[in-house]
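**Q** Here is what each chain is made of, one letter per residue.
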Amino acid sequence: MKNQTTSTTSKSQNVIDIDYLTLPSKDGDSVLETLEKANLDVHFNCREGYCGVCRTKLLAGTVEYRVEPLAFIDDDEILTCCTIPTSNLKIKMEY
Amino acid sequence: MVEPMFFGNSVNVARYDQQKHPIFEKLIEKQISFFWRPEEVDVSKDRVDFSKLTEAEKHIFISNLKYQTLLDSVQGRSPNIAFLPIISLPELETWVETWSFFETIHSRSYTHILRNLFSNPSEVFDDIVVNEEIKRRATDISKYYDDLIFATQLYQSQGEGTYELDGETHVINLRELKKLLYLCMNSVNALEAIRFYVSFACTFAFAERELMEGNSKIIRLIARDENIHLTSTQHILNLWAKGKDDPEMAEIAHECADQAREIFLTAVQQEKEWAKYLFKDGSMLGLNEAILCDYVEYIANQRMGAIGLKHEFESKSNPLPWMNNYLSSDNVQVAPQEVEVSSYLVSQIDAEVSADDFGDFDL
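As they're listed, the protein sequences go chains A and B.
If you're matching positions, the first sequence starts at 1 in our numbering and goes up one per residue.
If you're matching positions, the second sequence starts at 1 in our numbering and goes up one per residue.
Since the hints were made in silico from the structure, they are not lab data.
It cannot be assumed that every hint is accurate.
Derived BS3-like pairs (lysine-lysine); straight-line CA-CA distance at most 27 Å [unchecked claim]:
| # | chain 1 | residue 1 | chain 2 | residue 2 |
| --- | --- | --- | --- | --- |
| 1 | A | K90 | B | K242 |
| 2 | A | K57 | A | K92 |
| 3 | B | K143 | A | K57 |
| 4 | A | K92 | B | K244 |
| 5 | B | K143 | B | K310 |
| 6 | B | K52 | B | K244 |
| 7 | B | K316 | A | K92 |
| 8 | B | K179 | A | K37 |
| 9 | B | K280 | A | K90 |
| 10 | A | K26 | A | K92 |
| 11 | B | K242 | B | K179 |
| 12 | B | K276 | B | K26 |
| 13 | B | K280 | A | K57 |
| 14 | B | K276 | B | K143 |
| 15 | B | K242 | B | K26 |
| 16 | A | K57 | A | K90 |
| 17 | B | K30 | B | K276 |
| 18 | B | K272 | B | K244 |
| 19 | A | K57 | B | K242 |
| 20 | A | K92 | B | K58 |
| 21 | B | K20 | B | K276 |
| 22 | B | K58 | B | K26 |
| 23 | B | K242 | B | K276 |
| 24 | B | K30 | B | K280 |
| 25 | B | K58 | A | K57 |
| 26 | B | K244 | B | K276 |
| 27 | A | K90 | A | K26 |
| 28 | A | K57 | A | K26 |
| 29 | B | K179 | B | K244 |
| 30 | A | K57 | A | K37 |
| 31 | B | K45 | B | K179 |
| 32 | A | K90 | A | K37 |
| 33 | A | K92 | B | K242 |
| 34 | A | K57 | B | K52 |
| 35 | B | K58 | B | K276 |
| 36 | A | K90 | B | K45 |
| 37 | A | K57 | B | K179 |
| 38 | B | K30 | B | K45 |
Take the sequences, apply the hints, and build the full model.
**A** So this is what it looks like as structure tokens:
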């Protein structure tokens, strides 16, 4: 499965590595939306950066925030609901 | 920029040009942008729905409203009384005031809901203070506030020292006070994180069956506010624990970690007992005690993780996935044409015209 998904990924497209999966990220999609499209069991509530339920560890890569996050996040964490990948990402779900 | 959040110099001028923790100003702005009034939500259809509920369902619905009324009564008042006298940052002071103000909106909306369901809602309100199940929780919720308020009053009026009052010895010093503050903040955090959600789940379970939808609209707005409040207490606890505020609070956070965990787990346990009480006469379609307890554990894991505590419960996926539809803010934003706003034009235009008004017209 991993190879299949990566092979369809165009060069300019960012990918999100999560545990054993590699997901192509569609332009403009938030990290959360990409995970949802892959039918992963994801945690979220507000989808607007203030509840912090989607807090996820960012192992590698960079992101851009659509809205300013208000929930508490550590330096190595992101809120998936309001971030867009600006490079390939490697993330780890908290649960 | 040396003032800590609490127990520094008193706040002085309410200026926001210099901020130690700008997050509180951002939370204030977000919270104010959420402003709403219960009267904007039409709950009249709920009365018909309510009369069709089974007795067990009526018990669930009303008990939850009673409990939420109690929670918001505490939260509408206590942060002001307990925290304002000891806060030393204007942005945090204003946040606490904003927070409390929104809790009073919540309290008013429970009356709005109950007035619509009963010709005389007094009976329901009267029961809140005599209901054993509610009383037991109330003690735990207000205990930490009471301890902090009491000690602060002694400290601010008498100073540090050991005092004998009603046969009890109280050791008052700044370190002890900070400990009480830390425990109180943990208790408030647990309240905002866990205690509200059992009731929210029941409300939204009714809405999933297209019942009591007016009520669900109001609770959705309340849930959105509570989410912001929770974020603020999580920020305060994390700022302390990570040494980004008062270094002594970082020590205390470390020292009292077990007590903080205990406060959280007690809240979880009490909410599970509450679920049992709710379903004592029978469950409702789509929700029962077991699923609700699973949900409590599921959110407890998340909320504990957010303040740096270990997950206590076996991790599992969300047992009530539809809850997210009600908690996500996309679905809360109500377009003006969808709500019946009847009040905004009242008294805005003077439509009275008398013959005298044309007295000085020359043709």
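**Q** State for each hint whether it applies.
**A** Verification of the supplied hints:
no.	hint	verdict
1	A:K90 - B:K242	25 Å, holds
2	A:K57 - A:K92	5 Å, holds
3	B:K143 - A:K57	36 Å, violated
4	A:K92 - B:K244	26 Å, holds
5	B:K143 - B:K310	25 Å, holds
6	B:K52 - B:K244	54 Å, violated
7	B:K316 - A:K92	16 Å, holds
8	B:K179 - A:K37	46 Å, violated
9	B:K280 - A:K90	47 Å, violated
10	A:K26 - A:K92	19 Å, holds
11	B:K242 - B:K179	16 Å, holds
12	B:K276 - B:K26	39 Å, violated
13	B:K280 - A:K57	41 Å, violated
14	B:K276 - B:K143	24 Å, holds
15	B:K242 - B:K26	20 Å, holds
16	A:K57 - A:K90	9 Å, holds
17	B:K30 - B:K276	36 Å, violated
18	B:K272 - B:K244	35 Å, violated
19	A:K57 - B:K242	18 Å, holds
20	A:K92 - B:K58	43 Å, violated
21	B:K20 - B:K276	45 Å, violated
22	B:K58 - B:K26	40 Å, violated
23	B:K242 - B:K276	38 Å, violated
24	B:K30 - B:K280	39 Å, violated
25	B:K58 - A:K57	43 Å, violated
26	B:K244 - B:K276	41 Å, violated
27	A:K90 - A:K26	16 Å, holds
28	A:K57 - A:K26	21 Å, holds
29	B:K179 - B:K244	17 Å, holds
30	A:K57 - A:K37	20 Å, holds
31	B:K45 - B:K179	49 Å, violated
32	A:K90 - A:K37	17 Å, holds
33	A:K92 - B:K242	22 Å, holds
34	A:K57 - B:K52	48 Å, violated
35	B:K58 - B:K276	15 Å, holds
36	A:K90 - B:K45	49 Å, violated
37	A:K57 - B:K179	31 Å, violated
38	B:K30 - B:K45	31 Å, violated
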